[in-house]
Amino acid sequence: MSRDRPRRARTVAAMIVVGIALLLLALAPRPEGTTIELPGSEATASEAPAAEATASAGAAAATRATTVQDTADPHQAHEGHAPVAPSRPEAFTGTEHIVGPGERHERISDALEVADAGDRIRVRAGHYREGPLTIDRSIELIGEGWPVLDGEGEHSILTVTADHVRIQGFILRDSGFSHIRDHAAITVEESHGCRIEHNRLENNFFGIYLARAHDCLVRHNDIRSSATREATSGNGIHLWDVDRVQVEDNHITGHRDGIYLEFARNAVIRSNRSEANLRYGLHFMFSDESFYVNNVFARNGAGVAVMYSRDVVMSRNQFLDNWGSSAYGLLVKEVQDSLIEGNLFRGNTIAIHSEGSDRLTFRLNRLERNGWAVKILANSQDNYFTANNFIDNTFDVITNSRQNPNTFDANYWSQYRGYDLEGDGTGDLAHRPVRLFSFIVETKPVALILLRSFFVDILEVAERVLPILTPETLTDENPLMTEVPGGEPWA
Amino acid sequence: MGMIRIHDLSHRYGRLQVLDALELEIQGGRCTAILGPNGAGKTTLVKCILGLVRPDSGRITIDGERVGDDPEYRRRIGYMPQIARYPENLTAREIIQMIRDLRGNPDDTDESLVHDLRVDGELDKPFRTLSGGNRQKVSAVLAFLFRPGILFLDEPTAGLDPVTSSVLKDRVKQERDAGRTIVLTSHVMSEVEELADSVVYLLDGRIHFEESVAELIGTSGEMNLERAIARRITARVVA
Amino acid sequence: MNTLKIARYQLRDVMRSRWVLLYGIFFLLMTDALFRFGGSGERVLLSLMNVVLIAIPLVAIVLGTMYLYGSREFTELLLTQPVRRRSLFLGLFTGLALPMSVAFVLGTGLPFWAHGGLAGGTGSSLLLLLGTGVGLTLIFASLAFLIALSTEDRIRGLGISLGVWVFFTVVFNGLVMLAIYMLADYPMEKPVLALSLLNPIDLGRILLLLSFDISALMGFTGAVFRRFFGSGLGQGVAIGAMAAWVVIPFALGLRSFHRKNF
Numbered sequence: 063m064s065r066d067r068p069r070r071a072r073t074v075a076a077m078i079v080v081g082i083a084l085l086l087l088a089l090a091p092r093p094e095g096t097t098i099e100l101p102g103s104e105a106t107a108s109e110a111p112a113a114e115a116t117a118s119a120g121a122a123a124a125t126r127a128t129t130v131q132d133t134a135d136p137h138q139a140h141e142g143h144a145p146v147a148p149s150r151p152e153a154f155t156g157t158e159h160i161v162g163p164g165e166r167h168e169r170i171s172d173a174l175e176v177a178d179a180g181d182r183i184r185v186r187a188g189h190y191r192e193g194p195l196t197i198d199r200s201i202e203l204i205g206e207g208w209p210v211l212d213g214e215g216e217h218s219i220l221t222v223t224a225d226h227v228r229i230q231g232f233i234l235r236d237s238g239f240s241h242i243r244d245h246a247a248i249t250v251e252e253s254h255g256c257r258i259e260h261n262r263l264e265n266n267f268f269g270i271y272l273a274r275a276h277d278c279l280v281r282h283n284d285i286r287s288s289a290t291r292e293a294t295s296g297n298g299i300h301l302w303d304v305d306r307v308q309v310e311d312n313h314i315t316g317h318r319d320g321i322y323l324e325f326a327r328n329a330v331i332r333s334n335r336s337e338a339n340l341r342y343g344l345h346f347m348f349s350d351e352s353f354y355v356n357n358v359f360a361r362n363g364a365g366v367a368v369m370y371s372r373d374v375v376m377s378r379n380q381f382l383d384n385w386g387s388s389a390y391g392l393l394v395k396e397v398q399d400s401l402i403e404g405n406l407f408r409g410n411t412i413a414i415h416s417e418g419s420d421r422l423t424f425r426l427n428r429l430e431r432n433g434w435a436v437k438i439l440a441n442s443q444d445n446y447f448t449a450n451n452f453i454d455n456t457f458d459v460i461t462n463s464r465q466n467p468n469t470f471d472a473n474y475w476s477q478y479r480g481y482d483l484e485g486d487g488t489g490d491l492a493h494r495p496v497r498l499f500s501f502i503v504e505t506k507p508v509a510l511i512l513l514r515s516f517f518v519d520i521l522e523v524a525e526r527v528l529p530i531l532t533p534e535t536l537t538d539e540n541p542l543m544t545e546v547p548g549g550e551p552w553a
Numbered sequence: 039m040g041m042i043r044i045h046d047l048s049h050r051y052g053r054l055q056v057l058d059a060l061e062l063e064i065q066g067g068r069c070t071a072i073l074g075p076n077g078a079g080k081t082t083l084v085k086c087i088l089g090l091v092r093p094d095s096g097r098i099t100i101d102g103e104r105v106g107d108d109p110e111y112r113r114r115i116g117y118m119p120q121i122a123r124y125p126e127n128l129t130a131r132e133i134i135q136m137i138r139d140l141r142g143n144p145d146d147t148d149e150s151l152v153h154d155l156r157v158d159g160e161l162d163k164p165f166r167t168l169s170g171g172n173r174q175k176v177s178a179v180l181a182f183l184f185r186p187g188i189l190f191l192d193e194p195t196a197g198l199d200p201v202t203s204s205v206l207k208d209r210v211k212q213e214r215d216a217g218r219t220i221v222l223t224s225h226v227m228s229e230v231e232e233l234a235d236s237v238v239y240l241l242d243g244r245i246h247f248e249e250s251v252a253e254l255i256g257t258s259g260e261m262n263l264e265r266a267i268a269r270r271i272t273a274r275v276v277a
Numbered sequence: 016m017n018t019l020k021i022a023r024y025q026l027r028d029v030m031r032s033r034w035v036l037l038y039g040i041f042f043l044l045m046t047d048a049l050f051r052f053g054g055s056g057e058r059v060l061l062s063l064m065n066v067v068l069i070a071i072p073l074v075a076i077v078l079g080t081m082y083l084y085g086s087r088e089f090t091e092l093l094l095t096q097p098v099r100r101r102s103l104f105l106g107l108f109t110g111l112a113l114p115m116s117v118a119f120v121l122g123t124g125l126p127f128w129a130h131g132g133l134a135g136g137t138g139s140s141l142l143l144l145l146g147t148g149v150g151l152t153l154i155f156a157s158l159a160f161l162i163a164l165s166t167e168d169r170i171r172g173l174g175i176s177l178g179v180w181v182f183f184t185v186v187f188n189g190l191v192m193l194a195i196y197m198l199a200d201y202p203m204e205k206p207v208l209a210l211s212l213l214n215p216i217d218l219g220r221i222l223l224l225l226s227f228d229i230s231a232l233m234g235f236t237g238a239v240f241r242r243f244f245g246s247g248l249g250q251g252v253a254i255g256a257m258a259a260w261v262v263i264p265f266a267l268g269l270r271s272f273h274r275k276n277f
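Chains as they are written, first to last, in the numbering used here: chain S, 63 to 553; chain U, 39 to 277; chain D, 16 to 277.
To be clear, the hints were calculated from the coordinates, so they are not data collected in a lab. Take the hints with a grain of salt, since some may be wrong.
Stated by the list, open to error - Some, not all, of what chain U presents toward chain D, calculated at C-beta under 8 angstroms:
no., residue
1, G89
2, V91
3, R92
4, P109
5, E110
6, R112
7, R113
8, Y117
9, Y124
10, L128
11, M136
12, I137
13, D139
14, L140
Keep in mind the model is a prediction, meaning the values are calculated, not measured. Just so it is clear, CB atoms sit at the ideal spot from N, CA and C, and this is done for glycine as well.
Produce the complete structure using the sequences and hints provided.
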């Protein structure tokens with residue numbers, strides 16, 4: 063009798079443990095790739111919606127997008143479609159003026175006075191403290207051996223008012239801070255065709271400031287500051303009211319906004335790296351028909367903001383590790399008819415935040431390990447998400463309404479729990495990317511402390527069976543069973 | 039040597055007062071049988087002395103030393119429980135080795151009972167496969183193994199066949215004659231008569247009577263202990 | 016000394032009953048499967064986190080209760096020997112907690128090692144996961160001992176164990192959620208933080224969250240939690256609370272064992 067009791071108890075215990083283990087297995091996140099896939103099936107799944115996507119985006123954006131996507135060499139894309147290219151003199155025919163200790167000109171200002179349009183000033187290594195310098199003739203100002211132009215914390219350093227000016231090879235340091243004037247290391251005003259390349263900008267208020275400058279090229283500049291407060295810092299590259307400007311291969315860090323554009327048209331922002339700036343890595347407003355390609359925006363205070371613009375193409379950029387209570391990989395606000403394609407969003411608090419934006423196409427993006435992958439407010443309409451990879455995000459999609467005026471179709475969701483018995487590469491059951499818990503966190507942010515708890519898992523299962531809070535129409539009817547292939551175009 | 043003194047010992051399980059202000063002196067070098075009906079507190083008393091049960095109140099001393107938290111006094115005690123319960127997955131050899139180990143591997147152990155009780159063949163089988171009798175034999179081996187000065191034998195022959203039973207009884211006698219203190223509980227009166235020098239009879243947690251075996255039989259005029267005790271109990275009730 | 020000897024014999028007993036082997040193999044197969052299908056070490060860790068937080072407390076408390084009931088004979092035998100109750104209790108505890116911890120650590124760690132999943136920042140996250148798992152093993156084994164010592168009826172003891180597990184895995188968080196909604200008008204960040212210290216599973220979960228879900232936690236309220244648990248003080252409090260969760264049930268169990276009648 064008493065011998066039997068332990069045995070019975072042991073049997074009961076074993077049964078309970080096995081039962082709960084089975085339950086656990088059923089609930090445990092199912093690893094990807096467990097279903098059978100047919101060769102080529104994902105191609106049909108992802109291409110069809112992609113074609114529609116192109117049609118629905120703005121025509122201008124779509125044509126350019128195709129080019130950017132298809133051409134192997136990004137420079138070809140630029141030559142063909144972005145009419146920038148400041149004309150470089152075919153052969154140098156002007157006079158050369160040498161500046162430097164022991165040279166004919168000790169001071170740059172002396173050389174600037176005597177140089178005519180078409181001349182070249184070569185500045186030897188040295189430390190030049192000459193107050194603000196103005197270039198009012200079409201000349202080339204070339205540094206050799208990294209001469210330093212010092213703003214001494216007082217004033218702007220170089221101001222260009224003539225067309226076709228080239229500035230290259232300088233260290234520009236310590237432009238003054240002012241509440242009234244936007245002191246910059248290099249200011250270009252009301253001109254066109256400037257080239258600013260291979261300079262090092264250190265600890266300036268504004269870095270490169272272009273106002274009403276057109277057809278300019280800004281490239282290979284290394285722009286660093288160590289700003290600590292937004293109010294006392296300026297932007298790394300500041301473009302205001304410009305046409306056809308190219309910004310390429312620059313590295314910007316420690317400014318307020320890394321790259322700032324306002325009223326820029328037909329700009330091409332390519333292969334820049336903008337990181338650890340106080341506010342936005344890239345910030346543009348009222349800047350239509352522009353390209354943003356192959357840039358890296360990392361660890362900026364608030365990520366990237368795109369506002370009040372249309373016909374924008376953002377492609378193959380990386381939005382990385384933008385953390386904070388109002389930090390976004392990409393914030394789109396009042397943006398229309400644009401294409402966001404082939405980008406990588408990784409480790410951001412919110413990868414994409416869309417507010418009042420319409421007819422945007424998001425495709426072939428990889429959204430990985432973000433807090434919230436897509437936060438789309440209901441005042442954003444007719445946006446189209448297709449062929450994106452949603453991978454290991456805490457929350458994939460969150461919205462603020464039970465209505466859903468946007469379309470999600472044929473994306474890959476690592477949180478998808480369905481199966482593919484038909485073997486067509488898409489899940490047989492629709493996927494609901496909006497989780498109940500994300501709604502709870504939206505209304506009661508403190509509830510975030512219950513993230514990944516068993517209790518929340520149970521709630522989710524209940525909500526899946528009987529949706530009462532999550533939008534019923536926000537579904538992906540054709541969730542892909544495997545990740546959208548295509549390598550890593552941003553790499 | 040081996041004198042156990044019990045003073046004012048009380049213990050209750052829930053509402054049941056198992057031991058009720060018990061006073062008892064167990065003489066060293068003799069065999070004392072503790073008798074009484076089921077539930078009289080025999081096993082609890084033994085367990086209190088061993089420290090398995092923590093009495094609610096009272097004091098126990100062995101040779102003047104108080105039984106408390108220091109477990110060293112148990113080095114002198116051998117115990118053969120009423121129901122032999124052992125870790126089911128271990129073998130007898132492992133148990134013996136383990137306890138030997140715990141006691142610091144003394145040299146002068148006495149393993150003669152292994153042979154005498156014929157458990158040699160059972161030593162390497164897991165306990166769960168051993169019969170009740172064989173478990174009982176292993177208990178006996180363990181109780182005598184370290185040549186203890188004090189032996190507690192709780193129903194030692196229950197479940198043993200006549201041959202092993204008498205081997206064991208011979209051994210108890212031998213120990214008694216060698217001057218060890220033996221405390222025995224048993225339902226088999228012939229066994230008590232054969233082994234015990236004196237009898238303590240417990241009833242409702244108190245000592246009903248306490249007398250030497252010879253005296254019991256002598257004064258009652260009965261031919262054996264069982265009848266003598268029966269007479270003694272009824273006599274009390276009548277009186 | 017005796018503690019170690021006792022633990023050694025209990026270990027042998029435990030190993031022979033094979034459940035601990037099954038337990039280790041469960042983690043081994045699960046981790047290996049996650050690697051084969053899931054890929055990156057980070058993702059495997061994330062999946063394992065759920066299993067660790069649910070399965071370890073369950074197995075530790077259920078098997079711990081069974082184990083102590085099953086060790087009754089062993090206990091009684093040893094208590095007749097010159098062995099201190101404290102040594103015996105420690106030995107019994109070690110005999111359970113050690114093989115469980117080792118089985119878990121090896122079952123989880125070996126596949127990581129074999130699949131090269133330690134690359135990148137996952138090494139420290141894995142350590143945190145293993146540490147949390149071992150911590151939960153100790154805590155729930157202690158609770159199991161406490162339960163098994165306080166009731167003689169094995170079926171009842173098992174029922175209480177399961178009840179305790181359900182409370183800490185589900186009910187507790189339900190109550191937290193309820194509190195958040197009922198007291199919506201008050202700032203709840205700090206009370207909720209304090210509450211999380213009262214549940215060892217939550218404590219483990221939050222420590223792991225900080226390692227895995229940093230992006231999400233950097234937003235909004237998350238920053239409050241992160242700031243607290245990320246600070247030296249917060250981590251001290253968290254580790255202290257975890258330690259208290261090991262020590263208090265263990266001490267209560269020891270006291271109960273000390274007073275128990277066998």
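Hints, verified against the model:
no., hint, in the structure
1, G89, "holds, 7 angstroms"
2, V91, "holds, 4 angstroms"
3, R92, "holds, 6 angstroms"
4, P109, "holds, 5 angstroms"
5, E110, "holds, 5 angstroms"
6, R112, "holds, 4 angstroms"
7, R113, "holds, 4 angstroms"
8, Y117, "holds, 4 angstroms"
9, Y124, "holds, 5 angstroms"
10, L128, "holds, 6 angstroms"
11, M136, "holds, 5 angstroms"
12, I137, "holds, 6 angstroms"
13, D139, "holds, 6 angstroms"
14, L140, "holds, 6 angstroms"
Going down the numbered hints, you'll see the structure goes against none, and every one checks out.
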